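Engineer: Produce the entire structure from the sequences given, and follow the hints as far as they go.
Going from the sequence shown to the working numbering is simple: count from 1 and add 2.
Check the hints yourself; a few may be wrong.
Cβ pair distances, simulated, as ranges [as the list claims (entries may be wrong)]:
| # | residue 1 | residue 2 | range |
| --- | --- | --- | --- |
| 1 | N18 | C47 | 20 to 28 Å |
| 2 | N18 | V48 | 14 to 22 Å |
| 3 | V32 | Y77 | 14 to 22 Å |
| 4 | F17 | L50 | 22 to 30 Å |
Hint data in this document are derived by calculation from the structure and do not stem from the laboratory. Just so we're clear, the structure is a prediction, and the values are computed from it rather than from any experiment. Cβ atoms here follow ideal geometry from the backbone N, Cα and C, with glycine treated the same way.
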Amino acid sequence: GRYLTSEHYAVLALFNVLVLLYMVNLTRKVRGSIRNKYQIPEEHCVGLEDCCCAAFCMPCAICQMGRHTADFDTYRATCCTKTGLPRQVELAPVTFYEDQYQNMNEEGQGQSHVI
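Structural biologist: Now the structure itself:
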């Protein structure tokens, strides 16, 4: 039989690290785009909140994104669809007004939110 050497383990470890970094970056980008789309301001670690949530709480961040973007109380989750919902469900359009998001950020600068 053929045994795995330390070089094989090093390659596997490097591959795992690269996949983890890719997933953290992907989760960070999706979470940021959802926050922008629904005009949700950052409350903690402003500027790094998406990255911290993706790196340290990735399962929680993914669940939060799913709960925010779909009504799973009304519709059952479905695998292998673009939205995670049954194909016949139409999503309501969301209009993004960048100036409103900017105003919301400016208003909330001096306020402290505790969850």
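Engineer: Now, for every hint given, state plainly whether the structure supports it.
Structural biologist: These are the hints, each one checked on the structure:
1. Checked against the hint of 20 to 28 Å, the C-beta distance between N18 and C47 comes to roughly 26 Å, which is consistent with it.
2. Taken as a hint, the range 14 to 22 Å is violated for the pair N18 and V48, whose Cβ atoms sit roughly 31 Å apart.
3. Distance hint check: the CB atoms of V32 and Y77 are about 20 Å apart, consistent with the given range 14 to 22 Å.
4. As the Cβ distance of F17 to L50 is approximately 27 Å, the hint placing it in 22 to 30 Å holds.
In terms of the numbered hints stated before, the structure departs from hint 2 and from no other.
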